[in-house]
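Novice: The residues making up each chain are set out below.
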Amino acid sequence: AQSVTQLDSHVSVSEGTPVLLRCNYSSSYSPSLFWYVQHPNKGLQLLLKYTSAATLVKGINGFEAEFKKSETSFHLTKPSAHMSDAAEYFCVVSGAGNMLTFGGGTRLMVKP
Amino acid sequence: DTGVSQDPRHKITKRGQNVTFRCDPISEHNRLYWYRQTLGQGPEFLTYFQNEAQLEKSRLLSDRFSAERPKGSFSTLEIQRTEQGDSAMYLCASAGRGTQNTGELFFGEGSRLTVL
Chain A
-2 AQSVTQLDSH VSVSEGTPVL LRCNYSSSYS PSLFWYVQHP NKGLQLLLKY TSAATLVKGI
58 NGFEAEFKKS ETSFHLTKPS AHMSDAAEYF CVVSGAGNML TFGGGTRLMV KP
Chain B
98 DTGVSQDPRH KITKRGQNVT FRCDPISEHN RLYWYRQTLG QGPEFLTYFQ NEAQLEKSRL
158 LSDRFSAERP KGSFSTLEIQ RTEQGDSAMY LCASAGRGTQ NTGELFFGEG SRLTVL
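Keeping their order, the protein sequence lines are chains A and B. Here my numbering is used: the first residue of the first sequence is -2, the next is one more, and so on. Here my numbering is used: the first residue of the second sequence is 98, the next is one more, and so on.
Keep in mind the hints are simulated off the structure, nothing from the lab. Treat the hints with care, as some may be off.
Label pairs and their in silico Cβ distance ranges [said to hold, decoys possible]:
no., chain 1, residue 1, chain 2, residue 2, range
1, A, E63, B, K111, 38 to 44 Å
2, B, K111, A, S27, 47 to 53 Å
3, A, G101, B, Q177, 25 to 31 Å
4, A, T52, B, L213, 29 to 35 Å
5, A, A(-2), B, T135, 36 to 42 Å
6, B, G113, A, L53, 39 to 45 Å
7, A, S11, B, P167, 47 to 53 Å
8, B, E175, A, P37, 43 to 49 Å
9, B, Q177, A, E12, 22 to 28 Å
Cross-link-like lysine to any residue pairs, in silico, SDA-like; alpha carbons within 25 Å at most [said to hold, decoys possible]:
no., chain 1, residue 1, chain 2, residue 2
10, B, K154, A, Y26
11, A, K65, B, E201
12, A, K39, B, G113
13, A, K39, B, A150
Quantities reported herein were computed from a predicted structural model and do not represent experimental measurements. All residues carry an ideal CB built from backbone N, CA and C; glycine is no exception.
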């Protein structure tokens, strides 16, 4: 069985400062990991994915995530936050049949 | 718009009533998923279809829940004898053969159920 734990339920940053959203995973095999973003009243959107190629994964809107097997982590980062980044972010692991297991989510707030 | 569409977007019902949600996936996608999301939580898997076959059901899907995808296109999720604990956002997602092993799903905006 696989699972993900998002270490922070809320993160608040100022516009223009770096963003770090933390995620640890548990999987009995080499996992496929994802970050999805959910803006208010919008559908979940894929931000980026790791599928055992490069460990540093680049996504949309300037986000990146690094897969660290030794630390079982897949943290999401962005060098400079923008107001439009305010949303709920989910770390996700994929199992058989593309069934996704979501973390509890991290709400990112961006202050002007 | 050719994304995943769900109907209705909002449903308010009284406890004990039946409700049905519909999902229209992206047209060429053969896989269709239902998830449930309660306030402040991540989505939880309910069930998925490959074409018209229902291949997996979560234990969260009690006997009061039934999902169908009769022609391998749209899907319906019915909840019978609704309870207040059924109040949630019901999300539908689809995936095509090209993303079969990548885990990328395309989500609709969800159907929000409120049971009074």
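Novice: Cβ-Cβ distance between G101(A) and Q177(B): within 25 to 31 Å?
Specialist: 29 Å, holds
Novice: Can the suggested window of 43 to 49 Å be confirmed for the beta-carbon pair E175(B) and P37(A)?
Specialist: Violated: the Cβ-Cβ distance is about 28 Å, outside 43 to 49 Å.
Novice: Does the alpha-carbon distance linking K154(B) and Y26(A) stay inside the 25 Å limit?
Specialist: At roughly 22 Å apart (the allowed maximum being 25 Å), Y26(A) and K154(B) satisfy the hint.
Novice: When you check the alpha-carbon spacing of K39(A) and G113(B), does it fall within 25 Å?
Specialist: Given that 25 Å is the threshold and the Cα spacing comes to 29 Å, the pair is violated.
Novice: Is the hinted pair K39(A) and A150(B) satisfied, with a Cα-Cα distance of at most 25 Å?
Specialist: 28 Å, violated
Novice: Look at the Cβ atoms of S11(A) and P167(B) and judge whether their distance stays inside 47 to 53 Å.
Specialist: 52 Å, holds
Novice: Taking 38 to 44 Å as the hint, is the beta-carbon distance of E63(A) and K111(B) inside that range?
Specialist: 49 Å, violated
Novice: Should the hint that Q177(B) and E12(A) are 22 to 28 Å apart at their CB atoms be regarded as holding?
Specialist: 48 Å, violated
Novice: Does the Cβ pair A(-2)(A), T135(B) satisfy 36 to 42 Å?
Specialist: For T135(B) against A(-2)(A), whose Cβ atoms are near 21 Å apart, the range 36 to 42 Å is violated.
Novice: Taking 39 to 45 Å as the stated bounds, is the beta-carbon spacing between G113(B) and L53(A) within them?
Specialist: 53 Å, violated
Novice: Compare the distance between the alpha carbons of K65(A) and E201(B) with 25 Å, and conclude whether the hinted pair is satisfied.
Specialist: Distance ~21 Å between K65(A) and E201(B) Cα, so the pair holds.
Novice: Lying within 29 to 35 Å: is that true of the beta-carbon distance T52(A) to L213(B)?
Specialist: 49 Å, violated
The structure shown violates the earlier hints numbered 1, 4, 5, 6, 8, 9, 12, 13.
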